[in-house]
Amino acid sequence: MMLPAQPPVEVVDAQIHMWEVDGPDHPWDANFGTEDAAAAATRAHYTGRIVGDHATLTAMAVAGVDAALIVTPAIYGNDNSYGLSVVAGYPDRFRLIGRIDPSTMDLEQKVAASHGSGLVGYRIVIANQDSYERLVGGYFDRLLAAAADFGVPICIYLPRRVAHVRDLSRRFPTLSITLDHLGLPQPPLVQPGEDAWESLPDVVALAEIPTVTVKLTAVPTMSSQPHPHTDLWPYLHRILRAFGPDRIMWGSDWTRPESPGTYREGVTYISETDELGPAEKALVLGGTLRHVFRWRKVVRQNGVSASSSLPSCGMK
Amino acid sequence: MIIDAQIHRPAPALPWVELGEGSQHINEDAELALAAMDAVGVDMAIVHGDYAFCEAAHARYPTRFRGIVQFSDPFGMKNVQDEIAAVRGRPGLLGFRMAPAAPRAGPNLLPALQNGQLDKFFAAAQANDVPVLLFVPGGLSHIHRIARSFPNLTLIIDHLGLPPPPWVPLKPNLLDGIPELLQRNMA
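Residue numbers (my numbering), protein chains in the order written: chain A, 1 to 316; chain B, 1 to 187.
Don't read these hints as lab results, they were simulated from the structure. Please note that a few of the clues may not be correct.
From the structure, some residues in chain B lie toward chain A, with a derived Cβ separation under 8 Å [unchecked claim]:
#1 Pro12
#2 Leu14
#3 Val17
#4 Ile26
#5 Glu28
#6 Leu32
#7 Ala35
#8 Ala36
#9 Asp38
#10 Ala39
#11 Met44
Label-pair ranges, simulated between beta-carbon atoms [unchecked claim]:
#12 A:Ala88 with B:Lys120: 49 to 59 Å
#13 B:Leu160 with A:Ala37: 43 to 53 Å
#14 A:Gly193 with B:Ile2: 33 to 43 Å
#15 B:Asp82 with A:Ala88: 44 to 54 Å
#16 A:Ser117 with B:Leu160: 51 to 61 Å
#17 B:Leu155 with A:Asp25: 18 to 28 Å
#18 B:His159 with A:Pro234: 45 to 55 Å
#19 B:Asp4 with A:Ser224: 45 to 55 Å
#20 B:Pro91 with A:Pro192: 53 to 63 Å
#21 A:His45 with B:His159: 55 to 65 Å
#22 A:Ala88 with B:Asn115: 31 to 41 Å
#23 B:Leu160 with A:His227: 54 to 64 Å
#24 B:His159 with A:Asp36: 43 to 53 Å
#25 A:Gln225 with B:Leu182: 50 to 60 Å
Small disclaimer: the values here were computed from a predicted structure and weren't measured. All C-beta atoms in this analysis are idealised placements derived from N, C-alpha and C, irrespective of residue type, glycine included.
With these hints in hand, go ahead and build the complete structure from the sequences.
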């Protein structure tokens, strides 16, 4: 007997970057890339390729990605205007995770104004000692409080110090916190001889906090095997068991230079694996993201659009 | 390594973008092509287009793109010998293409291909070791004559020499012309 064909699973990418040529409409941060060699290399990455809306949509079509969260790249500093313009142009395809100066005067107004703007969350990157000390010293508290008050999720990348999220969630118990990149160090941040999975127990322990979710992004960079990266699954199963698929969001981190394979392969190691069932894939590849970031899927029939209901899953 | 032997600018084409004073200008279609290639793992591609697009794509991504310049109006060329002799000296260019049966502009050139009016292009290409790509659906029989007349010419037949959709409707006997392509000695 022929089994009925499975409907295609919607694929929503939890993290991509895009940018256009430096210009008056969306000027780049002139200071970015002047700090050190690593920053200069990152600036060269953005100069060497221009990955704007057309190129990104083409890549997504080829890779089988239906929609995506744009994360404002560092080259724009705290200016989210380019990403917002792309969201406005393709509202069915994109939403934005923005960056913001936590000391800005009208921070609360800006966070409150996020709703309906296409900006569905803010990102904080704590990848060195200086930024960690700022975090511990309360530099981000106004942002975290405003985000909690206005129900705007915060994506935080806190490699090696991920356990600190427990403190944040205790102080801001209603804040939706998403751990970027599994909460673990990824290339090029992994030091020589370092076990990138060393703090996996700290990540798993955070699963008991119901407001914490996980972005399963750029994980092929942590594999020592070629696609389909089967060496990742013992680790991924630990995270899946702890959080459940309704708190995990797949993403590619498209344009990341360290990614070992193609964008398409960055999808299929999850979408075509036998390690997950269809229901789990539907959540990890998009359902969870739509719920966490309150991004309703628009279903178009005969040219008429109608919002579908949110996925039935709930955050634990 | 995977090299795509033929890609084009999409239609409608995207605009040129100035990268800054004194710097190269870029073509957004080249960025788009590269994004698509990276999404599936194509290492290099040969773009088919005008001089400007071929050279811009190669200049910006010299390890990813080479070009085949498409002569959309061959008879509008001022000096056939000089222009073809210069093709291989232009950055990134590998050869030229003509599409006699399906020109972008102007008349169907299959009669010109048949009666020898295009032979000066082949002679110049042979003399300067410039590969020639021909899109000649329905004109395969002429290729035998050209190949015999210019034995040292690198002649590449596009798309199996057959009429691909949308030039003809997709139908089951689309590959009926294959025996003609494979025929070694056509009178």
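Do the hints match the structure? See the list:
1. Pro12: violated, 11 Å
2. Leu14: Since chain A brings a Cβ to about 6 Å from leucine 14 of chain B, closer than 8 Å, the hint holds.
3. Val17: Given a least distance of 5 Å, the restraint on valine 17 of chain B holds.
4. Ile26: It holds, given that the least Cβ distance between isoleucine 26 of chain B and chain A is near 6 Å, below 8 Å.
5. Glu28: holds, 6 Å
6. Leu32: The hint holds - leucine 32 of chain B has a Cβ within 8 Å of chain A, the shortest such distance being about 5 Å.
7. Ala35: Holds - the Cβ of alanine 35 of chain B comes within 8 Å of chain A, reaching about 4 Å at its closest.
8. Ala36: holds, 5 Å
9. Asp38: holds, 6 Å
10. Ala39: holds, 4 Å
11. Met44: violated, 14 Å
12. A:Ala88 with B:Lys120: 49 to 59 Å: For lysine 120 of chain B against alanine 88 of chain A, whose Cβ atoms are near 54 Å apart, the range 49 to 59 Å holds.
13. B:Leu160 with A:Ala37: 43 to 53 Å: holds, 51 Å
14. A:Gly193 with B:Ile2: 33 to 43 Å: holds, 35 Å
15. B:Asp82 with A:Ala88: 44 to 54 Å: Because 50 Å falls inside the window, the suggested range holds.
16. A:Ser117 with B:Leu160: 51 to 61 Å: holds, 52 Å
17. B:Leu155 with A:Asp25: 18 to 28 Å: Taking Cβ atoms as reference, leucine 155 of chain B and aspartate 25 of chain A lie about 48 Å apart, which means the hint is violated.
18. B:His159 with A:Pro234: 45 to 55 Å: holds, 48 Å
19. B:Asp4 with A:Ser224: 45 to 55 Å: violated, 30 Å
20. B:Pro91 with A:Pro192: 53 to 63 Å: Violated - the Cβ-Cβ distance for proline 91 of chain B and proline 192 of chain A, about 40 Å, lies outside 53 to 63 Å.
21. A:His45 with B:His159: 55 to 65 Å: violated, 37 Å
22. A:Ala88 with B:Asn115: 31 to 41 Å: violated, 57 Å
23. B:Leu160 with A:His227: 54 to 64 Å: violated, 32 Å
24. B:His159 with A:Asp36: 43 to 53 Å: holds, 52 Å
25. A:Gln225 with B:Leu182: 50 to 60 Å: Violated, at about 43 Å.
In summary, the numbered hints that this structure violates are 1, 11, 17, 19, 20, 21, 22, 23, 25.
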